[in-house]
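> If you want the building blocks of each chain, they are given just below.
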Amino acid sequence: MLKIRNLHSGYGNLRILKGVSLHVNPGEIVTIIGGNGSGKSTLLQTVAGMIPVEEGEVLFKGRSIGGETPEKIVAAGCSLVPEGRMIFNAMSVRENLILGAYTRFRSDRSGDVASDLEAVYGMFPRLRERENQLGGTLSGGEQQMLAIGRALMARPKLMMLDEPSMGLAPIIVKLIFEEVRKLRDAGNTILLVEQNARAALRIADRGYVIETGQMVLEGTSEELLNNNDVQRAYLGKDYKSISE
Amino acid sequence: MSFEQLLQYLLSGVTNGSIYAIVAIGFNIIYNTTGIINFAQGEFLMLGGMTAISLSPYVPLPLAILIAVIITAMVGAVVDFLIIRRLKKPTVLNMVIVTIGLSIIIREIALHLWDEKVRSLPYFTGNEVTSINILGAYISPQVLWVLGVSAVIVIFLGVFFKFTLTGRSMRACASNITAARLCGINTRNMVTISFMLSAAIGALAGCVISPITQTQYDCGTSLAIKGFAVAILGGLGNSTGAIIGGITIGLLEAFSISVLPLAYKDAIAISILLIILFLRPSGLLGKKEAVELKEF
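Those protein sequences? They're chains A and B, same order as listed.
Residue numbers 296 to 539, in our numbering, belong to the letters of the first sequence in order.
Residue numbers 216 to 511, in our numbering, belong to the letters of the second sequence in order.
Since the hints were derived computationally from the structure, they do not count as laboratory data.
Keep in mind that this is a model prediction, so the values were computed, not measured.
Just to be clear, a hint being listed does not mean it is correct.
Said to hold, decoys possible - Pairs of lysine-lysine residues, derived as DSS-like cross-links and limited to a Cα-Cα distance of at most 27 Å, are as follows: (1) LYS477(A) - LYS452(A); (2) LYS367(A) - LYS304(B); (3) LYS377(B) - LYS367(A).
Put together the whole structure using the sequences plus the hints.
So this is what it looks like as structure tokens:
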């Protein structure tokens, strides 16, 4: 589905990604874990076309999308749920969702947006209750649901999630991750970037560990969960409990 | 002050106020999609009025106005295509300076095309001396045209921004431009559309007011200043605020004549602009907490 080879990118002279490679197969959840400033978000934004590719290639469904505009990349079927949700605050929940389907209004007029709206409401009933409320008045968890719902409205082949758990209560994180898992079970492909490594690895099929712009480790979730370095650095276990 | 006099002032205030409100709404449309103030907005009014005046001897008035609106919208698109799009670093300050320069260029071109003569469109219905008696106050039918067209523009924009995909997309750009791009919205095109829309609205307003205020190559400047004051008073980017602000300034101007010399009339808008900037920079309806919940 997605194949990234030797990707370099950054902001101006500041190079954040220094040769990242990864691949995502159809129907799996792949997670990228890493600390602050490791380049996780930069990676997703580069794939989404918000940051230009300096070197390397990004193949989406076999087609190079490096250097394309975000609009084209979304239309090709690759949607990003951005860090910090980025809800349209001054617009109603329903309008937020409809705008998510923007590319479909353009390409096929027959697209049944209404039934997708129902599907999103079915997934997050809370959004239906708040249908006419302004996006900016929702709680953090509801905004995250809305951001995911908005991305789904584009019917993406690949959905990228950037720190969906940020600033949310554990119970909400659990609910949202549960829905992400259900999406995978329904055949969707998901690339998940997280600081909450434990929660991410619990639902993911495979994972990568990124440090200062380079992939340092990759493996199945099982392998990463049991890896000593990962446990120490990202799962909050100290040397003692690992050696025991 | 007699009742008739009061009503007369009231009507003239509301008329001028609604003209200012339309100019302010033109500012708001572009401000909301780009975050800049287009200081060439007044020139769009002048261009619309002038083009319609030049066409009116050859085609029926409604057609002349329609063509003028379309031509001005095209000018708006050209401005965006040739200048705004080309800016290497489109910072707010850069774009503001560019629009000021643009207003000077358009004015000079208009001076060459149409010389400095004062012209005007014919009255849409009746003529200079026709007047309608409303409860003892006399108004020109053109005033009703101004009020009616203003109302239609406001309603049209309300529907456009609330219910059409393009309108919603423009609001999305205003709300969060990054998220709009991530939804697949071509934000560059939205800027072009906003320039065309505000140019078209400006041109229409320029035509409707032409019989009352007259049109000259530099008539846009003073209207733009008042429209800007109104936009700030109502809260930048807020259409309801623009209407309230417009009518407030229009009424204050009208009633100022009874207590101040006529010459001070034009100072009212500027004084209010300064007072608002000192005391409440976010405007009447622009609540500080609601800056994030920006709404048209």
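> For every hint, state whether the structure bears it out.
Verification of the hints:
Restraint check for LYS477(A) and LYS452(A): satisfied, since their Cα atoms lie roughly 15 Å apart, inside the 27 Å limit. A distance of roughly 23 Å separates the Cα atoms of LYS367(A) and LYS304(B); the hinted pair therefore holds under the 27 Å criterion. Of the pairs offered as hints, the one joining LYS377(B) and LYS367(A) holds, with about 26 Å between alpha carbons and a cut-off of 27 Å not exceeded.
Hint compliance for this structure: no hint is broken.
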